[in-house]
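Could you build all of it, start to finish, from the sequences and the hints given here?
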Amino acid sequence: MASTRCRRPAAVQGGWCSSLILVAAPSTSPSLTLVVRATINSGDNGSSFEFEVKAVAGDTHLGGADFDNAMVKHYINEFIRKHDVAEESIRSNQKAIRRLRSACERAKRMLSSMAQTTIEVDSLHQGIDFRVTITRSRFEELNKDLFGKCMVAMENCLRDAKVDKGSVDDVVLVGGSTRIPKVQKMLSEFFDGKELCRSINPDEAVACGAAIQASVLCGGTDDKRLVDMLLRDVTPLSLGIEAEDDSMSCIMSVVIPRNTAIPTKKVAEGFTTRYDNQISVTCKVYEGESASIKDNNLLGEFDLCGILQAPRGVPRLDVTFDIDANGVLNVSAEDKDTGQKNSITISNRSGRLNKEEIERMALEAERYKMNRIKQLQIEPVQGN
1 MASTRCRRPA
11 AVQGGWCSSL
21 ILVAAPSTSP
31 SLTLVVRATI
41 NSGDNGSSFE
51 FEVKAVAGDT
61 HLGGADFDNA
71 MVKHYINEFI
81 RKHDVAEESI
91 RSNQKAIRRL
101 RSACERAKRM
111 LSSMAQTTIE
121 VDSLHQGIDF
131 RVTITRSRFE
141 ELNKDLFGKC
151 MVAMENCLRD
161 AKVDKGSVDD
171 VVLVGGSTRI
181 PKVQKMLSEF
191 FDGKELCRSI
201 NPDEAVACGA
211 AIQASVLCGG
221 TDDKRLVDML
231 LRDVTPLSLG
241 IEAEDDSMSC
251 IMSVVIPRNT
261 AIPTKKVAEG
271 FTTRYDNQIS
281 VTCKVYEGES
291 ASIKDNNLLG
301 EFDLCGILQA
311 PRGVPRLDVT
321 FDIDANGVLN
331 VSAEDKDTGQ
341 KNSITISNRS
351 GRLNKEEIER
361 MALEAERYKM
371 NRIKQLQIEP
381 VQGN
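Take the sequence shown: its position 218, counting from 1, is numbered 218 in the numbering used here, and each next residue is one higher.
Each hint should be verified, as a subset may be incorrect.
In silico DSS-like links for lysine-lysine, alpha-carbon gap of 30 Å or less [claimed, not checked]:
(1) Lys185 / Lys162
(2) Lys266 / Lys284
(3) Lys341 / Lys284
It should be emphasised that the hints constitute simulated quantities derived from the structure, not laboratory data.
Shown next, in the form of structure tokens:
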């Protein structure tokens with residue numbers, strides 16, 4: 001987790017604000033990067049703390065388990081080569097794979113504090129013992145492709161939040177995988193040699209933060225340190241409604257872009273009917289980063305009825321997206337001519353994507369965007 005203290009005066013006299021870059025690399029889940037603006041206001045009644053998330057980015061292939069899997073894959077191949085065993089027999093031996101993975105995970109943890117260690121599994125397969133010495137440099141070589149992706153989420157998040165890395169003052173690590181020396185080295189180099197802050201337990205930070213946020217949301221605590229703390233979150237994916245483009249293809253018309261601060265309320269105007277004399281429309285609500293609805297996640301749908309018969313494109317329909325502080329989405333549609341309305345409420349648990357799916361879709365959208373840019377750069381310019 002990286003934090004920046006820009007030490008700018010806040011809106012309230014006696015306060016200050018900062019931009020925080022939070023980098024979490026848990027051992028068993030994907031990496032996550034957030035850019036947060038923190039404001040501390042001091043007044044006669046004490047201090048209040050406000051944290052506003054400006055951007056979120058992640059990569060589903062940067063969890064600690066992926067490092068373990070890379071080691072397992074390599075040493076399975078080594079075992080097959082050295083002992084001339086049938087490939088299918090050992091790869092189908094799930095017990096052997098689990099034991100080797102556990103040994104690789106232990107070695108990974110040891111290499112965070114040692115230059116080398118031993119991976120040893122008695123009777124791994126067909127009564128054959130497995131023992132190998134692995135160095136830290138070898139571990140880094142086996143995972144170089146994963147390490148190469150470590151800064152991608154950071155760069156994307158900084159760009160989305162419009163924050164320059166030069167404004168970062170402190171880098172605080174969260175999650176077990178941030179103990180890996182290679183991760184720490186890459187973070188330090190990314191922030192121009194900045195010294196990393198290790199004043200908190202990286203394994204406890206996430207649980208502690210979740211407990212504090214739960215206490216604040218409940219509003220019932222006797223701990224004076226928590227009464228005046230507020231976290232303003234953002235939408236991890238864009239939210240929109242199905243519409244048609246000029247070619248009559250179904251697309252997602254974005255109403256609330258990704259990384260919009262919540263609570264928020266936005267009204268999208270200009271929707272209308274597709275056919276002549278249409279008396280009802282189906283409003284389909286999606287989340288995702290693709291223009292095509294087939295690549296996005298359908299959250300729910302509802303019908304708006306009672307539309308007056310008229311030629312295609314004449315009725316005027318407004319769609320409103322309203323997200324409260326708890327992340328509950330309410331979508332409503334209104335016919336401006338008749339006043340007819342209908343709506344749907346979508347909670348965080350009703351059809352919403354989990355964290356891994358959100359990060360995968362955001363990453364795929366970013367890759368599509370970069371590929372499209374490259375295609376445009378190599379396309380020949382047509383002459384007149």
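For each hint, the structure was consulted:
Between Lys185 and Lys162, the direct Cα distance comes to roughly 24 Å. Compliance with the 30 Å bound is thereby established for this hinted pair. Straight-line distance between C-alpha atoms of Lys266 and Lys284 comes to about 16 Å, which keeps the hinted pair within the 30 Å bound. A C-alpha spacing of about 15 Å is found between Lys341 and Lys284, which places the hinted pair at or below 30 Å, so the restraint holds.
The structure fails none of the hints (numbered hints given earlier).
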